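> In case you want the letters, here they are:
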Amino acid sequence: MKKQMRSLMRAGIWVGGAVGILLLAGGISLVLGVLLTGSTWAGTSPGVVWSLVRQGMRTLGFSVTTSVAAVALCFPLAWSLSVVLCYLVPRGRAGWLRKAINCLSAVPAVVFGTMSLSYIVPHIESAWWAVVATLILMSLMRQTRALTRVHDRYYALVETADTLGAYFCETVCQVVLPQAKKNYLAVALRMLTRCACEGVAILLVLSAYGAGADTLPTALMKALGVTGESGSVLWTQVLAVLLLLLVLVCNALISACMQEGRHNEKNA
Amino acid sequence: MRKTRNQLFLAALLTMAAVAVLFAVIPMALLTVDAITALLRSWGVLPGIGAVFLNTLQVLALVLVLTIPLSLLVSLWMYECVKGRVLVRMQRFMHGFSRVPAVLLGLVGHALIGKNSALHESVYTISAILTIMALPFMIARMDAALRAVPERYLLAGMLLGGRRTDILCRIVLPQAMPGIVRGGLELVERILCEATALLALMGAVMPNQVLATELFRLAWLGRKDAAVLAFLLMATMMTIRFFTTRRWRSEGGEQNCRYNWW
Chain A
63 MKKQMRSLMR AGIWVGGAVG ILLLAGGISL VLGVLLTGST WAGTSPGVVW
113 SLVRQGMRTL GFSVTTSVAA VALCFPLAWS LSVVLCYLVP RGRAGWLRKA
163 INCLSAVPAV VFGTMSLSYI VPHIESAWWA VVATLILMSL MRQTRALTRV
213 HDRYYALVET ADTLGAYFCE TVCQVVLPQA KKNYLAVALR MLTRCACEGV
263 AILLVLSAYG AGADTLPTAL MKALGVTGES GSVLWTQVLA VLLLLLVLVC
313 NALISACMQE GRHNEKNA
Chain B
49 MRKTRNQLFL AALLTMAAVA VLFAVIPMAL LTVDAITALL RSWGVLPGIG
99 AVFLNTLQVL ALVLVLTIPL SLLVSLWMYE CVKGRVLVRM QRFMHGFSRV
149 PAVLLGLVGH ALIGKNSALH ESVYTISAIL TIMALPFMIA RMDAALRAVP
199 ERYLLAGMLL GGRRTDILCR IVLPQAMPGI VRGGLELVER ILCEATALLA
249 LMGAVMPNQV LATELFRLAW LGRKDAAVLA FLLMATMMTI RFFTTRRWRS
299 EGGEQNCRYN WW
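Those protein sequences? They're chains A and B, same order as listed.
All residue numbers for the first sequence refer to our numbering, where the first residue is 63 and numbers rise by one.
All residue numbers for the second sequence refer to our numbering, where the first residue is 49 and numbers rise by one.
No wet-lab data here; the hints were simulated from the structure.
Do not rely on the hints blindly, as some may be mistaken.
Simulated DEER-style distance windows between Cβ atoms [stated by the list, open to error]:
hint, chain 1, residue 1, chain 2, residue 2, range
1, A, Ala270, B, Gln106, 29 to 35 Å
2, B, Leu58, A, Pro138, 39 to 45 Å
3, B, Trp91, A, Thr127, 16 to 22 Å
4, A, Gly154, B, Pro222, 26 to 32 Å
5, A, Gly154, B, Leu58, 39 to 45 Å
6, B, Met206, A, Arg155, 42 to 48 Å
7, A, Ser292, B, Pro222, 50 to 56 Å
8, B, Asp273, A, Pro240, 50 to 56 Å
9, A, Met67, B, Ser90, 53 to 59 Å
10, A, Ala228, B, Gly209, 51 to 57 Å
Covered stretches of chain A (in silico footprint by chain B; criterion: 3 or more residues with CB under 8 Å from a CB of chain B, positions within the stretch not fixed) [unchecked claim]:
hint, segment
11, 158-170
12, 277-288
Cross-link-like lysine-lysine pairs, in silico, DSS-like; alpha carbons within 27 Å at most [unchecked claim]:
hint, chain 1, residue 1, chain 2, residue 2
13, A, Lys65, B, Lys51
14, A, Lys244, A, Lys161
15, B, Lys131, A, Lys65
16, A, Lys65, A, Lys161
If you're wondering where the values come from, they're calculated on a predicted model, not measured in any experiment.
For each residue, glycine too, the CB sits at the ideal point set by N, CA and C.
Produce the entire structure from the sequences given, and follow the hints as far as they go.
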């Protein structure tokens with residue numbers, strides 16, 4: 063009986079694994095097929111495609127510039143908060159602060175969009191700055207949480223340096239920074255990807271400004287008819303391809319930055 | 049024989065007790081929802097929120113029922129049967145795929161369904177899209193939880209004569225349970241927060257969907273009671289995150305490893 067149960071379990075594991083992998087592979091093939099089917103491209107002149115691509119590149123530029131600006135402005139704030147939390151506040155008292163930051167980082171993006179629409183947009187005239195402010199609001203606690211996890215790894219180093227008589231700024235700048243710089247880059251790139259792919263919150267913020275200012279996800283959502291107007295299938299596909307390329311580039315950069323990079327594959 | 053009979057009796061007793069608790073709790077939960085809805089309606093706040101709340105619970109239950117068993121089976125298969133470079137590539141694929149923007153998955157769903165508006169609004173379609181989105185994330189989490197179990201526990205089990213499946217069921221899975229439960233709670237967070245994929249899937253802002261899309265609709269229309277729903281959603285997510293980051297007792301380590309498989 064036990065032997066049969068064991069065989070059944072192993073068979074179940076194999077079947078489940080195979081079904082899961084087949085579903086994912088089938089799903090990906092379907093996605094690529096839907097994106098690249100020729101029927102929507104038939105009879106389209108290269109000039110029309112080129113003008114759509116140029117428009118898409120402008121939208122991509124808006125997405126990338128707002129995301130880069132948000133991460134660049136948010137990172138120092140999150141880094142400072144994380145350093146204070148990990149190395150300055152006594153460990154016993156830091157517990158409730160960490161829990162508070164963890165809980166605040168769970169707030170959904172749509173809530174941030176609602177807050178930005180009510181409290182930030184009335185005070186900012188430029189759509190670009192409103193989007194940057196929203197992204198900073200959304201990313202601050204999440205970045206702090208991610209950086210706290212990075213800094214926790216080097217607590218022993220900081221204690222050792224402190225015991226040997228180093229000042230705090232020397233410890234952080236000459237001990238922690240060189241060790242953690244790759245992790246900082248990985249955290250920043252993850253936030254960049256998240257900001258570039260944010261749709262709902264930015265759509266709410268951009269609804270208060272005129273037409274013309276769009277990020278890739280919001281342009282895609284508008285093309286699908288979420289706001290009442292809809293775009294052509296060709297425009298939707300151009301936007302989808304650009305967004306996918308952006309995500310692939312960011313993922314490749316994150317993989318290159320993280321310690322478990324390609325060189326570790328040989329040791330697997 | 050006696051031990052088996054005892055275990056069967058306990059299993060039947062626990063099942064009946066769970067069914068009794070569900071029978072008692074579910075009507076109470078529905079009554080609470082109706083009461084709050086009626087109260088809010090009398091104040092003119094958030095009409096129709098009860099239907100939205102029930103839709104959200106339905107979607108959440110469907111996605112959990114579809115995602116958790118499948119991701120557990122796939123991660124067990126990866127743990128047992130896949131090694132070396134193939135494993136590394138699969139893990140990287142899961143991590144990468146879980147970073148695909150939700151709007152693209154909603155776009156694919158929208159393209160597949162076409163103009164059929166009944167399917168756009170259907171709870172099953174929404175659940176299917178969210179399941180596809182959640183599977184790679186959940187597989188990556190469960191894989192990490194299984195691999196976090198120290199190797200020495202497996203070695204000890206094998207040295208004591210345990211078979212592979214016994215070690216898996218009685219040592220690995222119990223030790224990995226905190227990580228799996230934490231992954232499940234993170235999955236619940238993701239499902240409750242997801243609005244982009246659903247809006248792209250529906251192709252319009254429709255009333256009475258799930259909490260996140262309903263909040264988007266209220267904010268889009270400039271309704272003041274969007275703040276109430278935003279506050280409720282924020283409080284719910286913060287409560288779930290509080291439980292996710294709790295230090296589970298099993299993380300105490302070796303004193304909780306039980307070699308009771310004989």
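> If a hint holds in the structure, say so; if it does not, say that too.
Consistency of the hints with the structure:
no. : hint                              : verdict
1   : A:Ala270 <-> B:Gln106: 29 to 35 Å : 33 Å, holds
2   : B:Leu58 <-> A:Pro138: 39 to 45 Å  : 57 Å, violated
3   : B:Trp91 <-> A:Thr127: 16 to 22 Å  : 44 Å, violated
4   : A:Gly154 <-> B:Pro222: 26 to 32 Å : 31 Å, holds
5   : A:Gly154 <-> B:Leu58: 39 to 45 Å  : 42 Å, holds
6   : B:Met206 <-> A:Arg155: 42 to 48 Å : 45 Å, holds
7   : A:Ser292 <-> B:Pro222: 50 to 56 Å : 52 Å, holds
8   : B:Asp273 <-> A:Pro240: 50 to 56 Å : 52 Å, holds
9   : A:Met67 <-> B:Ser90: 53 to 59 Å   : 57 Å, holds
10  : A:Ala228 <-> B:Gly209: 51 to 57 Å : 53 Å, holds
11  : 158-170                           : holds (count 8)
12  : 277-288                           : holds (count 6)
13  : A:Lys65 <-> B:Lys51               : 18 Å, holds
14  : A:Lys244 <-> A:Lys161             : 26 Å, holds
15  : B:Lys131 <-> A:Lys65              : 25 Å, holds
16  : A:Lys65 <-> A:Lys161              : 47 Å, violated
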